[in-house]
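2 protein chains.
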Amino acid sequence: MSARVETMRLHGYFRSSAAWRVRIGLNLKGIAAAHASVHLPHREQSAAPYRALNPQGLVPALETEGQVLVQSLAILEWLEETHPTPPFLPADPAGRARVRALALVPACDIHPLQNLRVLRYLKREYGRDQAALDTWARHWNALGLEALEAMLAGHPQTGQFCHGDAPGLADICLVPQLGSARRFGLDLRAYPTLSRIDAACAELPAFADAAPDRQPDAQ
Amino acid sequence: MSARVETMRLHGYFRSSAAWRVRIGLNLKGIAAAHASVHLPHREQSAAPYRALNPQGLVPALETEGQVLVQSLAILEWLEETHPTPPFLPADPAGRARVRALALVPACDIHPLQNLRVLRYLKREYGRDQAALDTWARHWNALGLEALEAMLAGHPQTGQFCHGDAPGLADICLVPQLGSARRFGLDLRAYPTLSRIDAACAELPAFADAAPDRQPDAQ
Chain Z
0 MSARVETMRL HGYFRSSAAW RVRIGLNLKG IAAAHASVHL PHREQSAAPY RALNPQGLVP
60 ALETEGQVLV QSLAILEWLE ETHPTPPFLP ADPAGRARVR ALALVPACDI HPLQNLRVLR
120 YLKREYGRDQ AALDTWARHW NALGLEALEA MLAGHPQTGQ FCHGDAPGLA DICLVPQLGS
180 ARRFGLDLRA YPTLSRIDAA CAELPAFADA APDRQPDAQ
Chain P
0 MSARVETMRL HGYFRSSAAW RVRIGLNLKG IAAAHASVHL PHREQSAAPY RALNPQGLVP
60 ALETEGQVLV QSLAILEWLE ETHPTPPFLP ADPAGRARVR ALALVPACDI HPLQNLRVLR
120 YLKREYGRDQ AALDTWARHW NALGLEALEA MLAGHPQTGQ FCHGDAPGLA DICLVPQLGS
180 ARRFGLDLRA YPTLSRIDAA CAELPAFADA APDRQPDAQ
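As they're listed, the protein sequences go chains Z and P.
The opening position of the first sequence corresponds to residue 0 in numbering that gives the first Met the number 0, with each subsequent residue numbered one higher.
The opening position of the second sequence corresponds to residue 0 in numbering that gives the first Met the number 0, with each subsequent residue numbered one higher.
None of these hints come from the bench; they were simulated from the model.
Small disclaimer: the values here were computed from a predicted structure and weren't measured.
We treat Cβ as the ideally placed atom computed from N, Cα and C, and that holds for glycine.
All the pointers check out, no bait thrown in.
According to the in silico footprint, chain Z covers these stretches of chain P (three or more CB under 8 Å from chain Z):
| no. | region |
| --- | --- |
| 1 | 54 to 67 |
| 2 | 73 to 85 |
| 3 | 143 to 155 |
Simulated DEER-style distance windows between Cβ atoms:
| no. | chain 1 | residue 1 | chain 2 | residue 2 | range |
| --- | --- | --- | --- | --- | --- |
| 4 | Z | 119 | P | 119 | 21 to 31 Å |
| 5 | P | 42 | Z | 115 | 25 to 35 Å |
| 6 | Z | 47 | P | 195 | 25 to 35 Å |
| 7 | P | 182 | Z | 122 | 26 to 36 Å |
| 8 | Z | 128 | P | 31 | 46 to 56 Å |
| 9 | P | 81 | Z | 218 | 41 to 51 Å |
| 10 | Z | 204 | P | 126 | 40 to 50 Å |
Selected chain Z positions facing chain P (in silico; Cβ < 10 Å):
| no. | residue |
| --- | --- |
| 11 | 50 |
| 12 | 81 |
| 13 | 104 |
| 14 | 111 |
| 15 | 121 |
| 16 | 125 |
| 17 | 147 |
Just chain Z, same shape as in the assembly (with noise of 0.2 Å):
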């Protein structure tokens, strides 16, 4: 891969699903990022030296020449914005707004639900042990996967990818999302089009690099 040197370095972990999309993100514009892994069982993200770069305390971050670019879609945006090729999104704006939509139910409908703060809360809050955790984290995983399915089956615009034939932000925000259901013993079997989308990601070497098994953080 003939990767352009860019002095990048995200700061993620190799199981958060948002470090997972902007993984993806850089692969797929050909950016070779340096890794900075953030500890989050350690709390890491809480420790002052981490805040000092992202006050809200979560992954990702991305630093970049003086600058420290956080929110995982806020970062994809940008390298969209300044590496248009290949590009994430279509050209025409009904298309983007579709593939921002597909993006953002598990952006903002699956993955803040079921991440690692919400159930260390419900675990120390309100005692609930981990079969309890798994059972929520994947009531949310099936109400979002199942609307997600409902609006790529059978849709003219749905291709090989979640939009046309091309990966987009919508592949990049389901795949993680797909692993994490996965992780909580959803059974995909019930969304054969995200699942058929999924395997064609996973064919592809920007998708699979950027697996969490693959990372040097993870154990």
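Fit chain P to the known structure of chain Z by using the hints.
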């Protein structure tokens, strides 16, 4: 106000933060859309007629010239692309990334955790009473608003509004979130920068006219 006449119809609900964002956006762009109320307490968003419009069963949805756009942030980006004046986003990629990140904190990390369907789940499955639901909602609001305050206070690009001296996407997401926080009883004096920006927004008819208590379906 010299509103352009367009054939748009916004399906929303007076109290939905996500619909509120799109109302502000339409007002800022000077677009007079028709409004259709989807009664969330009566679960109209989950019934077949609305599901045919939006399979996810969430508001808002914007109908325009045969298309149906969903997910508030995707709708707002579409409005920005199709109606560029006045802009929601600055011209420079770094500024756009900052504004989008500020918008995504409430959109991803606060609102989805305290919206109606989550509170209903905690009540039904976990047997939580209203006081417990309010505590849950205040917790996630406080975490997110604290981060926003840290991102905005003293930042050289923060102006009268979140980014400079004109309202944009970050303000569009901030104002409804502060409305929710207030409704759940959070003391907003801990967030002086957010409160100052909220007050500046309230002076603008585009924001004032979008407030829940000004909507025909407000009860």
